[in-house]
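Engineer: Quick mapping for you: the protein sequence lines, in order, are chains C, L, S and H.
Counting from 38, one number per residue, gives the positions in the first sequence under this note's numbering.
Counting from 38, one number per residue, gives the positions in the second sequence under this note's numbering.
Counting from 38, one number per residue, gives the positions in the third sequence under this note's numbering.
Counting from 38, one number per residue, gives the positions in the fourth sequence under this note's numbering.
No lab work stands behind these hints, which were simulated from the structure alone.
Treat the numbers as computed from the prediction; the structure is a model and nothing was measured.
Possibly wrong hints are sitting among the right ones.
Intra- or inter-copy, both count: the list cannot distinguish identical chains.
Below, computed lysine-lysine pairings styled on BS3-like, alpha-carbon distance capped at 27 Å [as the list claims (entries may be wrong)]: (1) Lys234 with Lys357; (2) Lys398 with Lys185; (3) Lys357 with Lys220; (4) Lys315 with Lys349; (5) Lys135 with Lys317; (6) Lys398 with Lys234; (7) Lys185 with Lys198; (8) Lys398 with Lys200; (9) Lys135 with Lys357; (10) Lys349 with Lys198; (11) Lys185 with Lys315; (12) Lys133 with Lys220; (13) Lys398 with Lys135; (14) Lys315 with Lys357; (15) Lys198 with Lys317; (16) Lys349 with Lys234; (17) Lys315 with Lys133.
There are 4 protein chains.
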Amino acid sequence: MASFWRNRLSLSIFGQSHGPAIGMTLDGLPTGFEIDREALQQFLNRRAPGRNPWSTTRREEDSPEFLTGLANGLTCGAPLTAVIHNQNTRSVDYDKLKSIPRPGHADFPAHIKYGGHQDVAGGGHFSGRLTAPLCIAGGVALQILASKGIYIGAHVASIGKVKDETFDAVSINEGQLAAVAQKEFPAISDEAGQQMKETVEAARMSLDSVGGTIECAIIGLPVGLGEPMFDGMENRLSSMIFGIPAIKGIEFGAGFEVAEMTGSQNNDDYYYENGEVKTKTNNHGGILGGLTTGMPLIFKVAVKPTSSIAQKQGSIDVIKGEDTILEVRGRHDPCIVPRAVPCVESVAAIAILDAMIEGGKL
Amino acid sequence: MASFWRNRLSLSIFGQSHGPAIGMTLDGLPTGFEIDREALQQFLNRRAPGRNPWSTTRREEDSPEFLTGLANGLTCGAPLTAVIHNQNTRSVDYDKLKSIPRPGHADFPAHIKYGGHQDVAGGGHFSGRLTAPLCIAGGVALQILASKGIYIGAHVASIGKVKDETFDAVSINEGQLAAVAQKEFPAISDEAGQQMKETVEAARMSLDSVGGTIECAIIGLPVGLGEPMFDGMENRLSSMIFGIPAIKGIEFGAGFEVAEMTGSQNNDDYYYENGEVKTKTNNHGGILGGLTTGMPLIFKVAVKPTSSIAQKQGSIDVIKGEDTILEVRGRHDPCIVPRAVPCVESVAAIAILDAMIEGGKL
Amino acid sequence: MASFWRNRLSLSIFGQSHGPAIGMTLDGLPTGFEIDREALQQFLNRRAPGRNPWSTTRREEDSPEFLTGLANGLTCGAPLTAVIHNQNTRSVDYDKLKSIPRPGHADFPAHIKYGGHQDVAGGGHFSGRLTAPLCIAGGVALQILASKGIYIGAHVASIGKVKDETFDAVSINEGQLAAVAQKEFPAISDEAGQQMKETVEAARMSLDSVGGTIECAIIGLPVGLGEPMFDGMENRLSSMIFGIPAIKGIEFGAGFEVAEMTGSQNNDDYYYENGEVKTKTNNHGGILGGLTTGMPLIFKVAVKPTSSIAQKQGSIDVIKGEDTILEVRGRHDPCIVPRAVPCVESVAAIAILDAMIEGGKL
Amino acid sequence: MASFWRNRLSLSIFGQSHGPAIGMTLDGLPTGFEIDREALQQFLNRRAPGRNPWSTTRREEDSPEFLTGLANGLTCGAPLTAVIHNQNTRSVDYDKLKSIPRPGHADFPAHIKYGGHQDVAGGGHFSGRLTAPLCIAGGVALQILASKGIYIGAHVASIGKVKDETFDAVSINEGQLAAVAQKEFPAISDEAGQQMKETVEAARMSLDSVGGTIECAIIGLPVGLGEPMFDGMENRLSSMIFGIPAIKGIEFGAGFEVAEMTGSQNNDDYYYENGEVKTKTNNHGGILGGLTTGMPLIFKVAVKPTSSIAQKQGSIDVIKGEDTILEVRGRHDPCIVPRAVPCVESVAAIAILDAMIEGGKL
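Please construct the entire structure, taking both the sequences and the accompanying hints into account.
Structural biologist: As structure tokens, then:
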């Protein structure tokens with residue numbers, strides 16, 4: 038349960054925010070693949086904390102140590118395990134949380150579920166820090182997929198009321214995905230990105246936080262990945278994507294906009310282009326009946342504003358059994374949306390790599 | 038894979054739209070439970086076709102025959118299997134689809150995936166007809182949950198641009214859920230319902246279809262159901278909800294609106310009410326860190342307009358390898374949103390019953 | 038749980054001994070395969086009851102009705118569901134069992150587990166009758182494997198103290214497997230078979246039953262099926278084989294004899310034969326490290342004597358809470374070993390077909 | 038796949054024999070449990086190499102470092118991960134194996150399966166060394182079960198032709214299990230133990246190895262654990278037990294002896310003893326219909342002689358494509374049976390703890 042995910046690939050994420058180490062085991066990878074360590078580190082740096090004003094000031098190197106899974110530098114069929122040793126922890130910040138749950142966090146239901154034994158320091162196993170090992174797994178999956186001509190990229194689609202441009206759902210290409218990934222702030226439009234940064238800074242100055250959305254595109258997919266009903270690509274992707282803390286919604290293709298469309302508007306007509314089957318529009322987001330159509334797979338997720346804010350909030354004392362006021366200290370991101378971008382790419386990569394293996398395409 | 042789902046409950050859905058029978062097996066139910074057959078049939082009738090103007094004219098009784106799983110009229114620990122014998126099939130309508138995929142349907146990727154062997158009649162295994170056995174499983178699960186004080190209800194939240202009222206996410210109660218369920222058109226506001234029906238009728242008259250949204254509430258849940266990361270309640274619910282054809286998005290609590298909120302707006306403050314822990318607002322939709330908080334679990338899904346429309350559409354002939362024009366015949370719903378309401382309730386019930394058993398609450 | 042099995046293939050077995058029907062759903066099959074119905078029926082007849090002196094007198098046609106999974110007579114990618122309608126049931130025989138558990142049956146633990154709600158008629162879901170749908174699934178899997186050059190056959194290796202010859206673990210071929218399968222009593226040596234039948238008849242005459250062993254061989258396998266540790270071929274096969282009631286042991290290759298061997302005796306030396314890698318002996322039974330080696334996969338299972346015997350036995354009355362004497366009536370096999378032979382072949386076929394799909398070999 | 042196992046507990050085993058570290062993640066444990074580290078280390082020492090004449094001379098401390106899963110020294114609901122850093126590795130021993138597979142090892146099928154990329158050093162992921170992390174998981178599970186009154190113990194039942202006494206299947210108690218566990222050589226009879234040691238020494242002196250059997254008993258179980266068909270206790274235990282390298286057979290209760298028994302001999306009559314249901318004999322080994330009966334659960338496994346022997350053996354050179362002679366160097370156990378005893382206990386403990394959680398008994 039919980040932090041184990043298993044299909045053709047198997048993934049286990051372990052660790053607590055302020056424990057000695059966090060890590061992951063990824064099993065079922067194709068053999069003979071050489072992980073580009075430098076590219077992986079660059080990918081992890083996109084998520085790593087302490088590097089810019091919209092991130093927590095807790096700086097961690099997030100440099101993975103590979104314990105198993107490689108022989109002569111290549112994947113060898115054994116499970117791939119990597120750990121990151123936590124360095125910059127200040128558990129003293131969290132003492133009060135043992136009895137006073139933070140609004141918007143897992144503290145209260147975890148307290149009930151685990152009988153008060155859950156690790157509260159830094160959010161324990163519920164911390165966003167656990168997305169670091171998720172990104173190790175995702176980073177490796179992205180590299181393997183890229184070697185097969187499948188590319189995945191995401192960008193900050195909005196923060197607060199500021200909206201970025203969107204990917205062109207029909208024509209998005211590898212170069213455009215790579216261009217956004219290289220930016221320090223991953224928005225397509227630099228102007229929108231600048232306004233977003235200002236929105237985050239404003240939230241930070243008012244001891245508040247702000248939410249946003251992330252759009253993700255996957256290109257180069259074969260036709261027919263996925264299975265009907267409970268194993269369609271939407272099922273698989275959504276089932277994993279909500280593993281990223283703070284995600285509260287997901288939509289594929291035209292998503293919630295389909296609710297206001299007619300069939301004649303929403304249906305994507307087929308045609309042949311150089312012998313390949315394409316659709317003229319891509320409201321279906323590359324998935325029909327749970328199966329990939331070969332068109333770009335497009336989805337968007339909603340990210341809630343960071344729950345940890347320095348303002349006073351109404352809470353309860355579960356030991357004393359009374360209402361109280363909570364003032365959270367600690368180091369927090371005023372907006373986690375930019376750092377969640379590589380997490381979304383990671384989950385997408387793991388789900389797609391798994392489907393590729395299952396479909397006999399790898 | 039595919040139409041098997043397995044956790045503590047196991048569910049298998051089988052059948053094709055125009056085959057001899059469709060059905061389901063549900064395993065892992067608590068024993069000694071008496072299924073109220075009349076109530077189950079009433080529930081199935083909410084989904085059944087051919088009963089009102091917004092539904093296909095294909096009328097089916099959808100009366101389940103229970104083959105196994107009962108002894109002396111009570112659940113006995115053996116898998117529960119029920120079948121519905123298809124009656125009103127006209128496969129002649131579908132001959133053309135063997136070579137010309139319908140836009141918006143699974144036809145094209147299924148053709149590639151199954152090497153041309155997929156059943157095209159009525160959409161085969163991809164047909165919305167497969168939601169009938171899903172509703173058998175769901176109807177049974179709903180009855181068991183109700184016997185434990187857990188109630189699930191959904192309504193048409195919008196069709197086209199017409200919006201219904203929303204559930205009160207903090208105070209929604211059993212009576213309100215039951216009231217909507219009893220209506221022929223499941224909208225909270227009768228006025229909105231009337232406008233929705235007119236919207237559907239307009240679509241039907243123009244040989245078109247229209248989409249919408251469905252809101253679902255689950256009340257009476259204990260605190261702490263679900264597991265962190267990949268087995269949270271959002272993961273579980275979304276993983277199954279996309280098993281309903283035509284769903285393109287899901288959001289929990291405030292959903293995509295969180296993107297424009299600040300933390301101080303979005304966080305739900307805790308307080309005690311008669312010794313029970315509540316939140317003053319319910320933007321979190323009853324789930325934090327993947328775990329239930331005891332507040333109403335609220336989610337909303339987007340339903341695309343029926344893909345089968347009688348207008349001419351651009352398609353391809355996969356045998357001849359050329360572009361062509363498709364005119365779909367057959368009997369189709371101008372809007373599937375109302376009939377999808379019990380399907381959403383069903384999926385929710387199965388996921389919740391499973392989590393209850395897993396959590397040792399049943 | 039329970040009667041659901043899921044990997045790349047998914048299998049659900051449903052039914053109770055004296056319920057209206059028993060059946061199975063098998064999902065994940067390759068498409069475009071035509072099931073040879075006549076050959077399937079012949080295979081099922083090898084297991085069917087009421088046909089010879091060593092079987093129960095309950096005669097059932099065991100003729101499967103395929104509800105779903107086929108289009109134009111070929112597998113179409115939808116789950117394959119088949120049911121057998123029970124005909125010859127006499128539940129009156131079982132009334133006493135509601136309170137007095139039969140020694141050697143699941144009655145007592147089932148009574149505790151299901152709170153007295155289990156179906157006792159004919160053993161309910163625990164009945165050997167449930168191996169009929171298992172053999173439908175297995176019979177289909179065997180046909181698909183045979184079309185790929187993989188053959189599976191089993192024989193009665195012993196009944197009581199009478200032993201059959203064994204397969205030659207190195208050279209066993211398709212013709213030898215087919216020859217045993219065609220016999221009414223599936224022993225390699227007709228003389229041993231005759232003695233076995235006499236042993237069974239003697240048990241029947243003394244109102245008793247008798248156990249035995251079954252040896253199974255699988256030939257034509259590629260090298261490298263299976264996965265290390267918990268997903269090796271021994272794990273997979275044993276995990277399913279104990280789904281056949283009455284199996285109490287399984288051994289692969291030299292099996293328990295390895296306990297008395299030295300490494301130099303047990304190790305199977307490699308050599309090339311016409312460019313193919315072979316081993317000179319086959320003590321490893323075609324599996325090393327959980328992986329197939331390409332040599333015949335050989336395993337043997339122990340089948341206990343039928344628990345239902347007409348002699349008086351010591352039991353308890355769970356309602357009255359006191360010791361009592363039980364005299365079982367009903368119709369029972371004096372020896373189930375011969376009828377279990379196609380069941381063993383079926384389980385082997387399902388496990389191997391699944392591993393073939395997983396390994397991308399199909 | 039492979040080294041991931043998942044039900045209510047989830048277990049991942051990672052590592053290679055000569056890699057930097059080996060380890061395990063165990064998820065789903067009850068919270069608030071304090072692991073007795075000293076008792077765990079003593080348990081691990083029973084398996085650890087380099088401590089006595091019947092073990093390899095590779096000495097490893099096998100002292101686990103817990104990276105995650107604890108808060109304030111208690112299990113906290115987060116996955117429990119522990120690693121052991123390999124110390125005493127000499128990979129130079131294994132160079133030749135890259136092209137010449139050892140008879141009786143996974144080398145050849147692994148070479149084909151992984152395209153030559155498998156780690157050959159020390160057997161890589163197929164090494165018996167991976168049972169060290171298995172014993173960490175098992176040791177923790179054993180402690181939790183003991184706190185609930187469930188005790189598990191195993192002993193060397195035979196080595197070569199020397200046989201130990203057997204557990205009394207009806208009356209075996211905690212004290213007897215503990216007594217065997219404390220011995221340096223885990224045989225019930227010291228005399229048999231002495232002869233076994235001599236048998237091992239004789240094998241070692243002749244550059245050979247020797248096999249044996251292990252008997253395991255589990256006492257204190259509630260009635261009704263397990264599920265019918267594919268999830269019975271025999272299925273679960275066997276499915277994991279073959280994860281221990283070198284196991285070639287498993288039997289429950291009377292096991293293969295049932296083949297020569299009649300029903301009247303094999304059936305275990307019920308009776309009440311102080312209000313508890315017991316059987317007079319225990320040929321069923323505590324399992325009927327896949328469900329625990331409350332009687333001691335007894336099973337026996339066959340362990341093959343160590344495949345690595347220093348004698349010359351016939352093999353092939355997969356690079357050159359020709360037959361050759363192999364002389365294995367390296368440090369190996371002349372008999373792994375004694376060190377496999379805690380591994381068998383470990384697997385049993387994990388399977389039982391999982392079934393207890395599933396059955397709502399914990």
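Engineer: Any of the earlier hints contradicted here, and which numbers?
Structural biologist: 1, 3, 6, 7, 8, 12
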